[in-house]
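Got chain B sorted already, so can you dock chain L onto it with the hints?
As you go down the protein sequences, you meet chains B and L in turn. Read in order, the letters of the first sequence are residues 1 to 250 in the working numbering. Read in order, the letters of the second sequence are residues 1 to 410 in the working numbering.
It should be emphasised that the hints constitute simulated quantities derived from the structure, not laboratory data. Where hints are given, some of them may not hold.
[What the hints assert, rightly or not] Derived contacts from chain B toward chain L, CB cut-off under 8 Å, selection only:
hint : residue
1    : N51
2    : L56
3    : D57
4    : P76
5    : D77
6    : G81
7    : N84
8    : F89
9    : N95
10   : L108
11   : P109
12   : L111
13   : A113
14   : R156
[Stated by the list, open to error] Take a look, some chain B residues computed to stay more than 10 Å from chain L by CB distance:
hint : residue
15   : G16
16   : E17
17   : S60
18   : G68
19   : H121
20   : R125
No experiment lies behind these values; they were computed from the predicted model shown. Note that CB positions come from ideal geometry on N, CA and C, so glycine has one too.
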Amino acid sequence: MPLIEVQDLARDYRVGEVTVPALRGVTLSIERGEFVAVMGPSGSGKSTFMNLLGCLDVPSGGRYLLDGEAVSGLGPDRLAGIRNRYLGFVFQNFNLLPRASAQENVELPLLYANIPAAERHRRARAKLEKVGLGERAHHRPAQLSGGQQQRVAIARALVNEPPLILADEPTGALDSHTSRELMALFQELNAGGITVVLVTHEPDIAAYAKRLLMFRDGRLIEDQQGQGARFKGQGTPGTPLPLEPCPLNL
Amino acid sequence: MNFLDTARSALRSLRANKLRSALTALGIIIGVAAVITMLAVGEGAKRQVAEKLKSLGSNMLVIYPGAVTSSGVRLGSGSRNTLTEGDARAIQDEVAGVLASAAGLRGTGQVVNGNLNWSTLIYGIGPEYQTAREWRVLRGRGLDDNDVRSSAKVALVGQTVAQMLFGGTDPTGETIRVKYVPFTIIGLLDAKGQNLSGQDQDDVILIPISTARGRILGQSQGRSRTVGHIYVKMVDGADMKLAETRVQALLRQRHRLQQDQDDDFNIRNLSEVVEAEQAASSVLSSLLAAVASVSLLVGGIGIMNIMLVSVTERIREIGIRLAVGARPRDILTQFLAEATILSLLGSLVGIALGVGGTLALAHFAGWEVVLQTEAIILAVASASVVGVFFGWYPARKASRLAPIEALRYE
Numbered sequence: 001m002p003l004i005e006v007q008d009l010a011r012d013y014r015v016g017e018v019t020v021p022a023l024r025g026v027t028l029s030i031e032r033g034e035f036v037a038v039m040g041p042s043g044s045g046k047s048t049f050m051n052l053l054g055c056l057d058v059p060s061g062g063r064y065l066l067d068g069e070a071v072s073g074l075g076p077d078r079l080a081g082i083r084n085r086y087l088g089f090v091f092q093n094f095n096l097l098p099r100a101s102a103q104e105n106v107e108l109p110l111l112y113a114n115i116p117a118a119e120r121h122r123r124a125r126a127k128l129e130k131v132g133l134g135e136r137a138h139h140r141p142a143q144l145s146g147g148q149q150q151r152v153a154i155a156r157a158l159v160n161e162p163p164l165i166l167a168d169e170p171t172g173a174l175d176s177h178t179s180r181e182l183m184a185l186f187q188e189l190n191a192g193g194i195t196v197v198l199v200t201h202e203p204d205i206a207a208y209a210k211r212l213l214m215f216r217d218g219r220l221i222e223d224q225q226g227q228g229a230r231f232k233g234q235g236t237p238g239t240p241l242p243l244e245p246c247p248l249n250l
Numbered sequence: 001m002n003f004l005d006t007a008r009s010a011l012r013s014l015r016a017n018k019l020r021s022a023l024t025a026l027g028i029i030i031g032v033a034a035v036i037t038m039l040a041v042g043e044g045a046k047r048q049v050a051e052k053l054k055s056l057g058s059n060m061l062v063i064y065p066g067a068v069t070s071s072g073v074r075l076g077s078g079s080r081n082t083l084t085e086g087d088a089r090a091i092q093d094e095v096a097g098v099l100a101s102a103a104g105l106r107g108t109g110q111v112v113n114g115n116l117n118w119s120t121l122i123y124g125i126g127p128e129y130q131t132a133r134e135w136r137v138l139r140g141r142g143l144d145d146n147d148v149r150s151s152a153k154v155a156l157v158g159q160t161v162a163q164m165l166f167g168g169t170d171p172t173g174e175t176i177r178v179k180y181v182p183f184t185i186i187g188l189l190d191a192k193g194q195n196l197s198g199q200d201q202d203d204v205i206l207i208p209i210s211t212a213r214g215r216i217l218g219q220s221q222g223r224s225r226t227v228g229h230i231y232v233k234m235v236d237g238a239d240m241k242l243a244e245t246r247v248q249a250l251l252r253q254r255h256r257l258q259q260d261q262d263d264d265f266n267i268r269n270l271s272e273v274v275e276a277e278q279a280a281s282s283v284l285s286s287l288l289a290a291v292a293s294v295s296l297l298v299g300g301i302g303i304m305n306i307m308l309v310s311v312t313e314r315i316r317e318i319g320i321r322l323a324v325g326a327r328p329r330d331i332l333t334q335f336l337a338e339a340t341i342l343s344l345l346g347s348l349v350g351i352a353l354g355v356g357g358t359l360a361l362a363h364f365a366g367w368e369v370v371l372q373t374e375a376i377i378l379a380v381a382s383a384s385v386v387g388v389f390f391g392w393y394p395a396r397k398a399s400r401l402a403p404i405e406a407l408r409y410e
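Chain B on its own, in the form it takes in the complex (with noise of 0.2 Å):
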């Protein structure tokens, strides 16, 4: 059974009286344990989709099955839990809480899951600590770089042990460096089994997974299996991966 599975997925936006429609009706499943990049150019539905993917909107019309359970249709409170449960998100400009240090930060998906503190504490500890800032903890967002500041947004995702990690251009804000380590922890994540989805407008950034979806107009275009796939349309010819040892201590 695949861990995602959309048939005719379809989100319309209503502005004022005219219906825009973002997403037209998409199709495909992703299997555990796969990598995808998604992408496509501003406006394509890619984002739309994300969003659809990871609950956080509902759609116009089709079926998503999460993991064999239909989420269209459900309540504010399932969605709510199943974000809690089965997915982590990871978002461009971080979303992490200023005025709370990294561990509190980490530490709030636990909370809603009623996990006793003790507990709370402990993994979200473990967490910050796989991300290599177990010494920045009590750190506030302010107080640590870009790069840091979305290991502590990975951690935040990873703190509840999902199955699907949903990534919005998760570099979009960081140096070339900081991304290529930060990819390098997703593939690291992914080798150890979960699944990765990632939206991302980079090419470099895209050679990580091992599945292209290609998003125009609404549409998917192009769905390439393998590591290091491109979108014939990108015109760019494949980089080399830039898959040197990564020096975190994973």
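Here is chain L on its own, set in the frame of chain B:
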């Protein structure tokens, strides 16, 4: 999220905006303090009236002679000598439910002890008077029938007179001169305090009515046995209106008044006066409580206002929380908890301020105040209700945000 986590997280966000939280709580603080203080002042006023009622004597009718009309000039209440000791006795004997009917003469005079002197009220009375006024003797004895029959030169002195003529020492057995006539003090009266019009009721000496008539106050009009006033004390629970009617009928009959003639006496029903004042004081305390409640309400609106601003400011935070798995009701609880904690903390400070303010009023302004636990509980309960009520709308607004819109909000 469990209770403790919710409270802790609410406290954290309140702490993040200390000044704003304090200003918001100020509305509740002032409201609670106002409710507590106003209720204490109102209750104090009620109690003061009740004490006055006690000192006046309840169930009391006071009868004064009517007014003289001389060539069209009316000389005012008490200027005629229409009441007699016989009237007093007849009321005692013929009206049902009379506990004591006491006739008295009233005048002023200089009272002297050695080199100290004092101008005071002098009442000529009989033994029934003390019963009617519920006026006990602290030291020595009261007047008896013998004193009246023999026109004894004995006196009871009020607290104020005793203080003025004897300092703090026991005056019983001492001799004072009242208008040059030596009197032996046989008793010291209990303190009665001020009456409803603010007169000191302890600034008085009581002497036998016979002695007063013969030697001290005199009766220029010559008709003997006339009196200045009659106090009629009814038994507890007596119908004062009915008693008044009966006394009036009896006196009209005794004074042989025709149908078309006006009363030649006035009856004052003290209960009515006291009831009126009680009504006034309870209107006053309701008014105070109402004003205080309004300030509590305004404090609540302050909470709502700030919570609404806070929700708008924190839409991103709400989005993040929703994205990591907060349910709408978790968001609702969080904002509700903030409003409730704000109003609870405000209540605590408000209690301190209210109790402190009340005690300060009592101490510095000398107001009679009564602090009641019920008032404090009432104030805090209303503050909490206000907090939850006015926190509800912003909290609900926050909880209804769509996750993706909240996350995208700039």
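(request) Compare the structure with the hints numbered earlier in the document and write down the numbers of the violated ones, lowest to highest. (result) Failing hints: none at all.
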